[in-house]
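**Student:** Sequence:
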Amino acid sequence: MLDFLNPETLYQIIYQFVFQLTLAVTAPLRPNSDIYWAYLLSALLLGILVTAVQHARTSTQENTAEDKSVSFLKGFCKKHFAKTLWTHPSALLDMRFYFVNAIVFPCLFAPIALQSPAVVDVLNNISNNWVGVTESVHPASWWDLDLLSITAVKVIYTALFFVAYDGGRFVAHSLLHDNKYLWEFHKIHHSAQVLTPFTSFRVHPVDLIIMVSVPALTTGFVTWLFVCFVSKDINFYTLLNLHIFICLFNCVDNLRHWNVWLTYPAPFDRWLISPAHHQLHHSAAQEHWGCNRGFELAIWDRLYKTIITPSKTPMNIKLGLGDEDLTGWSTLAHLYLNPFKSLFKQAHNLKKA
Numbered sequence: 129m130l131d132f133l134n135p136e137t138l139y140q141i142i143y144q145f146v147f148q149l150t151l152a153v154t155a156p157l158r159p160n161s162d163i164y165w166a167y168l169l170s171a172l173l174l175g176i177l178v179t180a181v182q183h184a185r186t187s188t189q190e191n192t193a194e195d196k197s198v199s200f201l202k203g204f205c206k207k208h209f210a211k212t213l214w215t216h217p218s219a220l221l222d223m224r225f226y227f228v229n230a231i232v233f234p235c236l237f238a239p240i241a242l243q244s245p246a247v248v249d250v251l252n253n254i255s256n257n258w259v260g261v262t263e264s265v266h267p268a269s270w271w272d273l274d275l276l277s278i279t280a281v282k283v284i285y286t287a288l289f290f291v292a293y294d295g296g297r298f299v300a301h302s303l304l305h306d307n308k309y310l311w312e313f314h315k316i317h318h319s320a321q322v323l324t325p326f327t328s329f330r331v332h333p334v335d336l337i338i339m340v341s342v343p344a345l346t347t348g349f350v351t352w353l354f355v356c357f358v359s360k361d362i363n364f365y366t367l368l369n370l371h372i373f374i375c376l377f378n379c380v381d382n383l384r385h386w387n388v389w390l391t392y393p394a395p396f397d398r399w400l401i402s403p404a405h406h407q408l409h410h411s412a413a414q415e416h417w418g419c420n421r422g423f424e425l426a427i428w429d430r431l432y433k434t435i436i437t438p439s440k441t442p443m444n445i446k447l448g449l450g451d452e453d454l455t456g457w458s459t460l461a462h463l464y465l466n467p468f469k470s471l472f473k474q475a476h477n478l479k480k481a
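The numbers in the sequence shown follow the working numbering, run straight up by one, and end at 481.
Simulated from the structure, these hints should not be mistaken for laboratory data.
From the three backbone atoms N, C-alpha and C, an ideal C-beta is built for every residue, glycine too.
Just the calculated beta-carbon pair ranges, DEER-fashion: (1) 278 x 253: 25 to 31 angstroms; (2) 150 x 479: 41 to 47 angstroms; (3) 177 x 250: 44 to 50 angstroms.
Computed cross-link-like contacts, EDC-like style, restricted to lysine to aspartate or glutamate with a CA-CA straight-line distance of at most 16 angstroms: (4) 433 x 415; (5) 440 x 397; (6) 446 x 415; (7) 360 x 249; (8) 282 x 361; (9) 433 x 306.
Work out the full structure, taking the sequences as your base and the hints as a guide.
**Tutor:** Now the structure itself:
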């Protein structure tokens, strides 16, 4: 039991608070953050490009090029940097939740979330007890392979790791939608009334545990297979010290939670989840509930029959939880405690029945 009057305990609490808060404040300077400055800049430039193309299609021929440019820039700033968007109570709550969760989750919940290396270690321990598995299989050292073999293995592992990671996130996301108890925690994310890049952090700690742990299982299993049967020195290609595909998709993903309607051209729109796909996922319209659960690859939604392809022209989407009263999701206390209150109420009603 923690002794909060102990000076060393107090020091550790203050240190963790300051450390995690510093990480949250400096997130735009760190490549492993979703709001790294390069990702935000990339999203902004893509947003300008996409909006410019959409504006060019609808502008009249009588306007000069200069008039069109001025009109476009005014329209872009008015829509995407509107005060009503960035100072909306829901957007401000997202920002407050980001900073509080940046302290709460690492200190209290992250230690119980699964991590890929831990999964690999458990699988290794299990395989060591299987007769004939580790005794008959002797994976090569990285240095025992020629350059071509190393490249081929690394390319394959990089691709399979990403597929496993994206598939794991889809499974986790589907659990949060399909399980009525887990949905109570995921409701927080869908209660957002406007979308900004900070909305991606509007996630309950219990929700985060699921979203971290399931991909850890899938990527851990893939890594274990390569370590056990291919090479014990396996690693994937990186960019900015991140998995290369994750890093590249991060350059687009901030548009998933922003009012920029970006769709991918055919045939990529059938195989990749665009920001517009994800904005449909946030729609309050009943026909859109639970659609487009994937993050990068659309194959999972296609197999699970949850894919809805967005139109190329921007759609007017009402966000939120449908007919539910969103005033019940207007404070930090609501976001953290409402799921537990709802589960307690369900358990109480079940007991009465």
